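Undergrad: Chains as they are written, first to last, in full-length UniProt numbering: chain D, 1 to 591; chain P, 1 to 695.
Careful: at least some of the hints might be erroneous.
[Unchecked claim] One side only, chain D facing chain P, incomplete, derived with CB under 7 Å:
id: 1; residue: Asn476
id: 2; residue: Ala479
id: 3; residue: Leu540
id: 4; residue: Gly543
[To be verified] Heads up, simulated DSS-like pairs for lysine-lysine below, C-alpha to C-alpha not over 30 Å straight-line:
id: 5; chain 1: P; residue 1: Lys342; chain 2: D; residue 2: Lys486
id: 6; chain 1: D; residue 1: Lys35; chain 2: D; residue 2: Lys49
id: 7; chain 1: P; residue 1: Lys132; chain 2: P; residue 2: Lys114
id: 8; chain 1: P; residue 1: Lys270; chain 2: D; residue 2: Lys423
id: 9; chain 1: D; residue 1: Lys554; chain 2: P; residue 2: Lys342
id: 10; chain 1: P; residue 1: Lys270; chain 2: D; residue 2: Lys557
id: 11; chain 1: D; residue 1: Lys488; chain 2: P; residue 2: Lys149
id: 12; chain 1: P; residue 1: Lys270; chain 2: D; residue 2: Lys488
It is worth saying that the hints were derived from the structure and are not from the lab. Keep in mind it's a predicted model, so treat the numbers as computed, not measured. In this text, a Cβ means the ideal position worked out from N, Cα and C, and glycines have one as well.
Chain residues, written in single-letter form:
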Amino acid sequence: MYGCSNLMYCISEHAPHSSLQEIMKWNGWGYSDTKFLFNKKGQAEFTGKRYKLSGMIIPALKEWMEGTFGTNMQHKSLATPALTRTAVQPPTLNEAFVEELKSTGVPFSHDAEDRVFRAHGHCLHEIFALREGKVGRVPDLVVWPNCHNDVVKIVELACKHNVCLIPYGGGTSVSSALECPQEETRSIVSVDTSQMNRILWIDEKNLTAHMEAGIVGQDLERLLNESGYCTGHEPDSMEFSSLGGWVATRASGMKKNIYGNIEDLVIHVKMVTPQGVVEKSCQGPRMSTGPDIHHFIMGSEGTLGVVTEVTMKIRPMPEYQKYGSVVFPNFEQGVACLREVARQRCAPASIRLMDNEQFKFGHALKPQVSSMFTSFLEGLKKFYITKFKGFDPDCLCVATLLFEGNREKVLQHEKQVYDIAAKFGGLAAGEDNGQRGYMLTFVIAYLRDLGMDYYVIGESFETSVPWDRVLDICRNVKARIIRECKDKGVQFQPFSTCRVTQTYDAGACVYFYFAFNYRGLSDPVHMFEEVEHAAREEILANGGSLSHHHGVGKLRKAWMRETVSDVGMGMLKSVKDYVDPNNIFGNGNLL
Amino acid sequence: METKVDEDEHLRGSLYFSPQTMTSTDSGRVKNEEEFVDVLEELMHSGDLGHALRTFSPSPYNGGPPCSAADLPKAVLESQYLRYVVQEIATEKALSLEEVREEASVILEEMSQKLQMGFIRLMAYMLSKVLKRILTGIHVNTEGLNALKQAVQESPVILLPNHRSYLDFLVISYVMFTYDIPVPVIAAGMALSKMRVVGEIISRSGAFFIRRAIGSDKLYWAVLSEYVKTIVRKGFAPVEFYVEGLRSRTLKSLMPKLGMMHMVLEPFFKGEVYDVTLVPVSLSYDRVLEEFLLAQELLGIPKPKESTTGLLKARKVLQEDYGSMHVNFGRPMSVRHLCRGKINRGQYNLVPRDLPQKPSGEVQACVSWLAHLMVRMQEEGALISPWSLMASLLLQAPAAALTEHGLPWHQLAERTLRLRKLALDFGAHLNWPGKVPEQEVMSSAAALHHSLVRLQAGRVHLVQGEEDEREDPRRPEEDVTKAAVPMLMLACYRNQCLHVFVRPALLAVAIHVTKSVQRDELFAFFCFLRDLFANEFISIPGESSQDFEEACVLLRTCGAVHTSEQEVTVSDVGLEVLPFLQDLLQPFIDSYQVMFRYLCKDGVHVVSEKQFVPAVRNLATKLILSGELHTHEALSSDMQKNVFSALRRLETLTQLKASELNEYRVNKAAVGQISDILCGRIPPQSLQTTPDAKL
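Please work from the sequences and hints to get the whole structure.
TA: As structure tokens, then:
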């Protein structure tokens with residue numbers, strides 16, 4: 001163990017001013033300037049200028065929160081405003097490593113804030129601890145490679161000096177993947193790829209583009225758009241998550257129906273491992289050359305190496321986009337409609353079905369358009385009585401749609417989908433409702449921080465499941481959450497809701513949200529984790545997968561063996577043992 | 001916050017002691033805190049017609065739209081499961097799909113209930129009239145009713161009553177109608193549907209019919225199970241069936257049947273419903289309407305076919321007083337909770353859930369465990385009448401005392417009071433009116449059973465059947481049968497309280513036979529008895545050590561034994577208590593020995609149940625006449641069949657493969673060995689039994 005006093009003079013060696021770290025919250029979701037709050041008049045407001053909802057008043061949110069969680073504006077549970085540096089353990093530095101690193105010229109830092117920023121993802125327990133000012137094991141050093149070769153040097157040095165490396169992309173993990181293993185005694189170095197953010201080339205003849213893996217989703221799309229292209233890969237986290245992170249976790253995008261998931265989009269990957277660089281020799285669109293080595297890389301969750309460069313398919317930007325929505329009398333009908341859409345293979349770019357609770361939630365987030373304001377429930381009543389006679393407001397649910405492509409085809413496609421919906425009692429409910437649904441995707445993550453100011457904690461989790469089990473899994477998992485909370489003494493019934501967010505030929509991806517008021521509970525995080533664990537058990541018992549796209553990380557790794565069988569586990573282990581025998585990539589995920 | 005351990009202990013406790021009533025187990029005193037209301041008395045206020053026409057608006061499960069009775073068969077016929085089965089059968093039997101489908105819809109038509117509110121009301125009206133006439137009260141526990149009302153709204157509910165009388169399901173539906181709880185869909189025996197008018201009424205009151213011997217009729221089985229599962233999945237109404245399968249002719253619990261149980265549980269195992277709630281229901285009769293028929297049936301006097309005219313002839317029955325009855329709705333039990341750690345629901349993940357499949361060993365074991373548990377819960381919920389205690393004591397009196405000079409009343413009364421204390425020590429649920437003088441309770445119990453006993457000059461006499469008018473002298477064998485009728489009736493009433501004493505009694509027998517104080521030796525013998533008598537006394541598979549422990553605790557509680565880590569020793573009090581407990585089981589032991597003796601006779605090598613029953617009856621009759629056998633229970637066909645099943649289970653009877661007559665080869669050596677162990681001649685070896693449920 002080396003003390004750090006002798007290194008104090010070089011707290012950061014040319015550390016780049018990581019643009020994102022500057023403008024993002026250290027203990028919550030997203031941009032520092034953007035958040036929900038209750039203003040002096042007691043109305044909910046969304047601050048900042050970045051989103052459509054920014055700067056608007058959301059009149060019904062307060063009532064919805066009080067009604068759904070039993071929150072009280074007087075009872076606050078505010079976060080510690082700033083990081084106390086003394087709460088951060090001094091870094092354990094491997095001096096020889098640091099010395100050699102200096103000679104490579106790769107910037108690094110062991111500043112407390114830099115280290116804490118890269119020590120977590122966005123699991124509830126991680127954010128909860130930060131808000132309380134508690135910091136556990138954090139990386140001892142952060143390095144910012146600028147290119148593939150920098151990474152090669154870092155990995156070589158790490159192997160030479162037995163230093164533990166944890167690759168870091170956008171930090172949006174929700175699987176405890178970025179948490180430093182408690183038992184790790186070596187110096188831990190966070191490899192932040194954010195400086196590797198260039199598009200290296202665009203191949204218009206083959207419609208591919210080659211990027212450095214640190215590029216963040218929104219930048220990638222923006223830059224490609226400038227040339228008239230897009231990847232079409234839009235995970236909900238795309239504002240912050242990175243290309244390398246997508247590859248390492250097997251990410252899925254909202255518009256996968258047109259563009260595919262990450263495994264369909266990737267043409268070529270370069271990854272730096274302790275054994276050297278792994279990559280394929282050509283860019284053939286499909287190969288029969290034994291098991292696809294890309295599939296050792298995709299989903300490896302940082303346990304084998306650092307993804308440095310990726311070649312991806314690109315598409316011309318769509319000529320026309322149209323949102324839409326359909327209201328169904330109940331969730332069963334809605335699922336039946338989605339199933340039929342999948343059967344006919346005519347799913348739009350995106351189709352999502354929200355259950356009744358989420359439908360109401362969506363309504364609670366309607367911004368104030370005029371000064372006239374009626375209560376949330378009254379508004380809801382008015383909405384459906386005028387438009388959807390005979391639908392029970394406590395049963396109906398809504399599907400949001402996004403069509404993309406050539407205008408004529410979009411309109412044709414739209415008609416086909418609405419015709420199917422009509423067979424299941426679905427009524428078109430307008431473009432606005434659809435568009436707002438998708439906008440909320442980006443905004444909803446900010447809402448958890450507001451909840452946490454008022455004793456509400458929550459989380460989302462996902463699964464994929466065969467079609468015939470979709471309804472059963474939705475009902476059972478939601479019921480399980482409610483029952484577990486009740487048994488554990490939660491006073492107010494939790495918010496337990498789901499949506500079907502992706503359709504496939506043989507099944508669907510289901511997203512669950514769950515949140516509750518923890519006032520009066522002695523150890524809310526522990527209780528929360530127990531409920532989350534029970535919910536996952538329920539998912540597995542009902543034929544759902546361990547994860548559709550969030551990954552396993554450390555949060556779900558207890559179930560890995562039963563998920564892939566003993567032999568499957570052995571296969572993965574033997575790859576790890578060959579590629580990284582000294583566990584340099586020691587984040588402890590997956591296996 | 002309740003930890004898991006607490007929950008398990010809670011569960012454990014509930015297995016053995018009815019948690020609603022048991023307030024203290026250590027002191028041995030049970031306070032009956034439960035409130036019962038008399039439905040008939042309530043009726044006085046509303047009037048029969050007013051009652052029948054009352055507003056009936058129960059809140060069903062899910063608050064969902066009620067699925068009409070007509071939608072059910074359609075859903076069943078269109079189910080994927082049935083399509084698979086129809087396909088399979090069509091292929092096997094080389095029939096067209098249409099033919100098999102047609103056959104399925106005929107079965108469904110025959111089976112379906114046709115619930116109509118009008119008929120429920122008609123039934124309610126008729127039942128009000130009848131029940132008021134024959135019963136002095138129908139006591140229902142309000143707490144159970146309220147819990148049921150709540151449970152029905154939360155998940156599909158399965159009502160599991162014990163089956164002691166034809167009245168059982170009528171009374172339950174009647175009570176539920178009265179208390180605004182959805183009227184259950186009832187699995188009824190096919191025989192009832194053949195009764196012209198009655199069959200129709202029953203089906204319109206929500207019963208569906210199942211054939212008795214389904215055996216290997218694959219299509220029938222498939223239609224029935226899909227029908228039942230559809231009702232559960234839709235939460236259409238509570239499903240009610242007799243987990244014992246049949247009406248108990250001995251008033252003693254029967255070994256549960258697993259078919260229906262599996263059907264109602266499967267929707268939970270497969271995740272089609274979040275949970276299923278089991279509600280054991282204990283019906284206890286002061287006097288059973290069918291009492292006379294019971295003994296006749298047990299003695300092989302054929303029972304009249306269930307027919308409408310037969311029912312009308314039963315009018316005589318309606319002129320009698322049958323005292324009161326208790327309907328005790330048990331605490332609703334969550335299958336999800338009960339099955340925690342017992343079932344891996346993920347086992348259905350890799351094949352379509354609709355695919356017909358044999359249930360896994362794990363599932364079978366779990367279903368069996370739950371079924372046995374439900375029978376235990378029914379027993380625990382039963383109310384023991386003073387008469388049942390008296391009957392137990394009467395059976396222990398010398399036969400001559402009862403039939404000839406009579407038993408002094410004061411002696412019976414005094415012993416009954418002592419037995420009452422023992423029953424309370426053992427946690428029994430007694431139906432002993434507190435405000436009436438004790439003597440009066442007992443004399444009115446005797447009066448209610450005037451068909452069985454007569455009080456004369458301070459002595460109790462057993463009523464022998466009416467004197468035959470026939471002149472010619474009867475054969476002595478006929479006398480035996482005649483004398484057996486009241487004895488078997490007494491035995492039936494004794495059986496009502498047998499479950500209270502049975503575990504300590506098994507231990508008492510073990511102590512007596514082994515003459516040992518060593519815990520492990522006693523335990524071995526206890527297990528031997530428990531296994532051998534598994535068809536007589538229902539116990540939960542795999543829980544022999546818990547049962548043994550319970551027996552020890554209860555005997556210690558009443559002061560009969562001292563227990564230590566290694567030893568169980570008899571105390572002074574035990575010298576009084578233990579003989580009673582041994583005597584309670586003596587008829588069973590003696591009868592079993594008679595049957596073993598028959599099987600060990602020369603010339604007996606291959607038997608079928610059909611020939612076993614009369615042959616054993618002959619032997620027993622001879623032994624009774626010669627004074628060698630002191631119990632008439634060996635004549636009971638129920639016990640004879642139980643011995644047969646026990647020996648089959650212990651694999652001392654093995655089925656002949658070639659035989660079409662269900663014939664079995666007797667392993668004489670093994671039978672002899674069991675007999676020797678039972679009388680203490682050789683120490684018990686672990687008998688070969690079907691493997692215990694994996695738990």
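Undergrad: Looking back at the numbered hints, which does the structure fail to meet, lowest number first?
TA: When the structure is compared with the hints, none of them turns out to be violated.
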